[in-house]
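Could you slot chain B onto chain A? The hints should help.
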Amino acid sequence: MHPILIIVGKEIRDGLRNRWVLAVTLLLAALALSLGFLGSAPTGTVKVDPLTVTVVSLSSLSIFLVPLIAMLLSYDAIVGEVERGTMALLLSYPVARWQVVVGKFFGHLVILALATTLGYGLAGVTLQIAHGGIDISAWMPFIFLIAASILLGASFLSMGYLISALVQERATAAGIAIGVWLFLVVIYDMALLGILVADQGHIITASVLNIVLLFNPTDVYRLLNLTGYENVSMFAGMAGLSEQTRMPVSMLFGVQLLWIVAPFTLAAAAFRRRSL
Amino acid sequence: MSSSASTSALRSPTTPLADQAGTTQAGRPVRGVALFPQNETARAVAAPVLLTKVTKLYSGQAAVDTISFALNPGECTVLAGHNGAGKSTLIKLILGLTRAESGRVSVFGHDTGSRAAAAIRRHIGYLPETVALHPSLTGQETLAFYARLKGLSTAGNAELLARVGIAQAARRRVGGYSKGMRQRLALAQALLGKPRILLLDEPTTGLDPASRLLFYEIVGELRNAGAAILLSTHALAELERQADRVIVMQRGRKIADGTLSDLRRHADLPVRVRLTLQDEIIDTPAGWQRAGPHRLERSCAEADKISRLQEALSMPGLTDIELETPGLDEMYAHFLRREDN
Chain A
1292 MHPILIIVGK EIRDGLRNRW VLAVTLLLAA LALSLGFLGS APTGTVKVDP LTVTVVSLSS
1352 LSIFLVPLIA MLLSYDAIVG EVERGTMALL LSYPVARWQV VVGKFFGHLV ILALATTLGY
1412 GLAGVTLQIA HGGIDISAWM PFIFLIAASI LLGASFLSMG YLISALVQER ATAAGIAIGV
1472 WLFLVVIYDM ALLGILVADQ GHIITASVLN IVLLFNPTDV YRLLNLTGYE NVSMFAGMAG
1532 LSEQTRMPVS MLFGVQLLWI VAPFTLAAAA FRRRSL
Chain B
130 MSSSASTSAL RSPTTPLADQ AGTTQAGRPV RGVALFPQNE TARAVAAPVL LTKVTKLYSG
190 QAAVDTISFA LNPGECTVLA GHNGAGKSTL IKLILGLTRA ESGRVSVFGH DTGSRAAAAI
250 RRHIGYLPET VALHPSLTGQ ETLAFYARLK GLSTAGNAEL LARVGIAQAA RRRVGGYSKG
310 MRQRLALAQA LLGKPRILLL DEPTTGLDPA SRLLFYEIVG ELRNAGAAIL LSTHALAELE
370 RQADRVIVMQ RGRKIADGTL SDLRRHADLP VRVRLTLQDE IIDTPAGWQR AGPHRLERSC
430 AEADKISRLQ EALSMPGLTD IELETPGLDE MYAHFLRRED N
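Residue numbers (this note's numbering), protein chains in the order written: chain A, 1292 to 1567; chain B, 130 to 470.
Fair warning: there could be bad hints in the mix.
[Claimed, not checked] Footprint (simulated), chain B over chain A, 3 or more residues, beta carbon under 8 angstroms:
#1 1300 to 1306
#2 1503 to 1512
[Unchecked claim] Derived Cβ-Cβ restraints for the label pairs, each shown as a range:
#3 B:E288 - A:R1564: 37 to 43 angstroms
#4 A:W1389 - B:G189: 49 to 55 angstroms
#5 A:L1307 - B:Y345: 35 to 41 angstroms
#6 B:L452 - A:T1463: 57 to 63 angstroms
[Said to hold, decoys possible] Going by beta-carbon spacing under 8 angstroms, a handful of chain A positions derived as facing chain B:
#7 M1292
#8 P1294
#9 P1385
#10 V1386
#11 A1387
#12 S1566
What the hints contain is simulated information worked out from the structure, not anything from laboratory work.
These numbers come from a predicted model, not from an experiment.
Cβ atoms here follow ideal geometry from the backbone N, Cα and C, with glycine treated the same way.
So that you can see chain B by itself, here it is in the shape it has in the complex:
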């Protein structure tokens, strides 16, 4: 589990832990130029989603408090936080379902409230937290309805239904679907037209393991195809493999933002190194602990990891190195705790 987390961190592009909005803001398209999607240059500079100091109040309380970040193409960002941390509100702001009191939310360089943003929603796929579909329509009709709204032909729908594994139920009414089937159909509508922005609000809660694997597979494909993906969750560990980048939210504020390795470095939780040696250990090296006749163990800071490993490599008769990095849940708990203090 933990080793796989570190590999996915290595694979992902390095994202600065510091505020992302500042860097992307410079590339904001000049007014009147950004005619998405014909204008290739505008598309290149405008981030798929950009939030700048966004605040949203609900009855006087800030549900989202001066949040800034950008979503990048080909990056899967996990938005983590407890229930009520402001994750769903953030997604609704990006969709333009609700307006921010202050700050700017833009999609491909267009403010979400603007007329142009409505047309740009063609490139957004959205999976709501609670799947709500029209019970009197069949699966096929549901997908056809949404495809037409996006201005797509319904030719690819059968294939899409097969992809999410409900082809056999396509002609049945959604009212008779099981929860898992409804979730799959909802996922299918979010995938219509190969969206360049995918907003998934708690997508894996209540999914059976098979659906979950399928879901990860599809999300991975879209990410590799260059979509900017935002996944919200309150169970971060579930999405550990998917996360290129994690944003942790608490009570409407962003308390951490970065790749897994960034976060790990930032959290500075100890890394555990375990060595297995061929010979029985007689002299325990300084700083290491004996954990059995052939095993040594020590915990070190993330920054010291490399020098400890080099030290280990110089030991005679080394047969195995185990590296235990803190899991996402541990880091997540650490960040939340730090804010509480």
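Bound-form chain A, shown alone:
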């Protein structure tokens, strides 16, 4: 078997054994369910599938939660193994360093994808059954949401790996990871909002704003979800916005992939040079 696959398998087994997958799945399912039931309460008898409404609130929640989970999984990935000494032993085997990081990354990605799909998927099925039966057509935006969430998670995994490859101590990695999370998830948008208000549209036009938003993977995720599907953008009150900021979904996907590949490449390069 290829060394990368062996390492992927080991990481997944670790994730299942230490209940990571279980805990994250339950957390995501519980939140999706509560949002689903609470969110659909006002719509009441309106003929809207609960899933479509849930996608809107769930995407706002995922922006906070999925990156946090990804950071928690990844900040420890390299520096933790180096500190515990398992990395030295692993690298004494016939594996290249890049194979180790690639294997671990995909292992973590599978864990994250599994938990997201299971958690949101279970919640989605439950919601539909509670509202009178499965409606396949409403699933498209929901599946789109799950896929976009996994991509968002992957970009933060990748940033977590970069942090983990660069620092010398676990505690430092944890601190920086939380800092990066806070900046990208909370501070970036708030600062942007402040600037927009102050600027009154003189310098920062809609097209400039578009570009600024691409510099943050959480905003790319927001744009993907809120403009990706007509229905969704309508319920999100973003119908007008999506007219203005229409960027092709393929381009948004491309940018998000860049947010995964670029930090990961840097992480692999940093790990390659690292002295153990």
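Chain B alone, transformed into the frame defined by chain A:
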């Protein structure tokens, strides 16, 4: 204790005390020829491990200072030195975990940083100083994980676990193992695939006597099978029986290298000869001391040992000869002291 040391010195191949690297370097394989392990000739000439004037700095200080030596097949080399003498760094250099600032480290003729060296690590067994294993895996799974990484089948794993005496715990998670069991499991992973180079970093610290005996037995087997073994330790006496050759390090520099008898000769610590005679001694021979009515004693230089023994054999009524050679610890202390002065 001391007599056994001298027998192991006799058994071991004679290794020149002088720098070994020079002799083996001539046999370095021509670039592009050494396709280990298919190429038998390349394997024959390339030393399992060869260090040539290797220097490694840690924040400006030399952790390893212009060190040269080669490890030979079928030879168990003990790397002795205090904590911080550079032993672990040396092992990490051989494994390619860290790069040297200058000099060359090669394994079977390939630089440790090269692409080929990664594949060659298949033939290296490594036991780290602090045993770190994944707590959520069972013993069996741990060994299977490492066996697959070496490209081996997991068929021989159960046997290997039984060999190190943890077969009954194979299905339990490593997190619940005692320290001794973890050490045994770590030893098992180092033995996977019958390595031709075995690097053991302080393997016997914290081992109970039973584990230690088992450990010596396994190391002895591998050495007899032709593996090049490097054992690092700060308690040299523990490994006295295992050592075919000793390298003493201090503050990153090699201060002694040779077989036990080489080192003994080099240290020139006195050898004590004790004789027991049948008759009561009346005239004490010149140079000898009377140590009781039937016993004579004298200390002599290592070089004089044979002539003193011949002299003793010519004495009438000789019933017993005792020879007390300096132990490893005494020699080790001597070398370290000499460097301090």
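Comparing the hints with the structure gives:
no. : hint                                 : in the structure
1   : 1300 to 1306                         : holds (count 3)
2   : 1503 to 1512                         : violated (count 0)
3   : B:E288 - A:R1564: 37 to 43 angstroms : holds, 40 angstroms
4   : A:W1389 - B:G189: 49 to 55 angstroms : violated, 30 angstroms
5   : A:L1307 - B:Y345: 35 to 41 angstroms : holds, 40 angstroms
6   : B:L452 - A:T1463: 57 to 63 angstroms : holds, 59 angstroms
7   : M1292                                : holds, 6 angstroms
8   : P1294                                : holds, 6 angstroms
9   : P1385                                : holds, 4 angstroms
10  : V1386                                : holds, 6 angstroms
11  : A1387                                : holds, 5 angstroms
12  : S1566                                : holds, 4 angstroms
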